[in-house]
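Numbering (our numbering), first residue to last: 16 to 411.
Treat the hints with caution; some may be incorrect.
Stated by the list, open to error - Below, a list of computed lysine-lysine pairs in the DSBU-like style, where the Cα atoms sit at most 30 Å apart:
no.: 1; residue 1: K236; residue 2: K109
no.: 2; residue 1: K301; residue 2: K236
no.: 3; residue 1: K215; residue 2: K181
no.: 4; residue 1: K301; residue 2: K50
no.: 5; residue 1: K114; residue 2: K181
no.: 6; residue 1: K215; residue 2: K66
no.: 7; residue 1: K319; residue 2: K181
no.: 8; residue 1: K181; residue 2: K320
For the record, the hints were derived by calculation from the structure and aren't laboratory data.
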Amino acid sequence: MSERLRLKKNADRRLKAGHLWLYSNEIDIDETPLKGIEPGAQAVVEAANGKAMGIAYVNPHSLICARVVSRDANVRLDRSLLVHRFNQALALRKRLFEKPFYRLVHGEGDLLPGLIVDRFDDVLVVQLNTLGMEHLGEEVVAALDKVFSPRAIVFKNDTSGRRLEKLEHQVEVVQGTLPEQVLMEENGVRFSVPVMSGQKTGWFFDHRANRRWLNDLVAGKRVLDVFSYVGGWGVQAAAHGASEVLCVDSSADALVQVAENAVLNGLAGQVAVAEANAFEALSALKAEGEQFDVIILDPPAFIKKRKDIPNGERAYSQLNREAIRLLGRDGLLLSASCSMHLAQERLIECVRGAVRHQDRHGQVIYRGSQGPDHPVHPAIPETAYLKALGVRVFRD
């Protein structure tokens, strides 16, 4: 392999600690000019003294200009290494789950930066989020076919990260035939998943354990599921004994799917839907005198960049304030955030302020994170993004 990336002096410390990213300001461009490397190509990463440290794929036009794919400088990321990584990832999931519904590959957490694969039994949904992975698209399909022989492989390449890498959107079935309904099961509840038209890969496996925790506390309760998407929280609550559930989302298509998933589980009579902006819906429900025993807040990321933190924290605070106004005297709030830049302690502070704003008391009785099929890379804090708080909210 002729391409090389020479690091500046002392710029190898993060890599030695286990990190997989290289930033453009860490490269000795006099020794190895970044602009001379073809975008998407793989290169040997060298310490300042010339010692080889591994293999990375390169995008000279990105702030993260390279991502390490192996510590062995004699290999490259190709079909063979992909098959090996997929088998490693599969071995972990087989230990964790009885049924084949999970995130199979979680980017850096599975040593495959830029690659996401969600598994719905014999349907695999793939996201190639970086230029380096985009160049390996055919090899990814071939390796997945070798390990799984799936019925269908879908490329769901419509993420915001692709825009940063100047990649076009692509949503298509790239191998096999997609069944009319893609079905999966989570916590004993069945769902139809809109893999082509839905958000991300069509489902959010990351909250599985947090939903399981809440499912044990909803029997006989009136539940409000805000930002419901296709009913992951709300339909499961109904299936675990909630007396009635209201799912609120701004997407009419998502709410159609909520209704279908309720029918799929024989729960049509327990689950209602409302198409509305979340903040407006909460205000309207208060004006109508509605009250709930359990409220779930699982919004999209309000903080996508560090500069968004002040406005994002205000949005989380306002959302929790509006929700708490609708809780009964002794209610339960599940407040979540998928914003990587919002620390768990800051989410707790947002909830604390919201509780006190309504002159109530709060008890944090649960702290959750992403599930084990979304492994956190210990050297990359950015891979730990999901927070979920279970908070008892009550009056004197």
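* Of all the hints given earlier, name the ones this structure violates by number, lowest first. => Of the numbered hints, 1, 4, 5, 6 do not hold.
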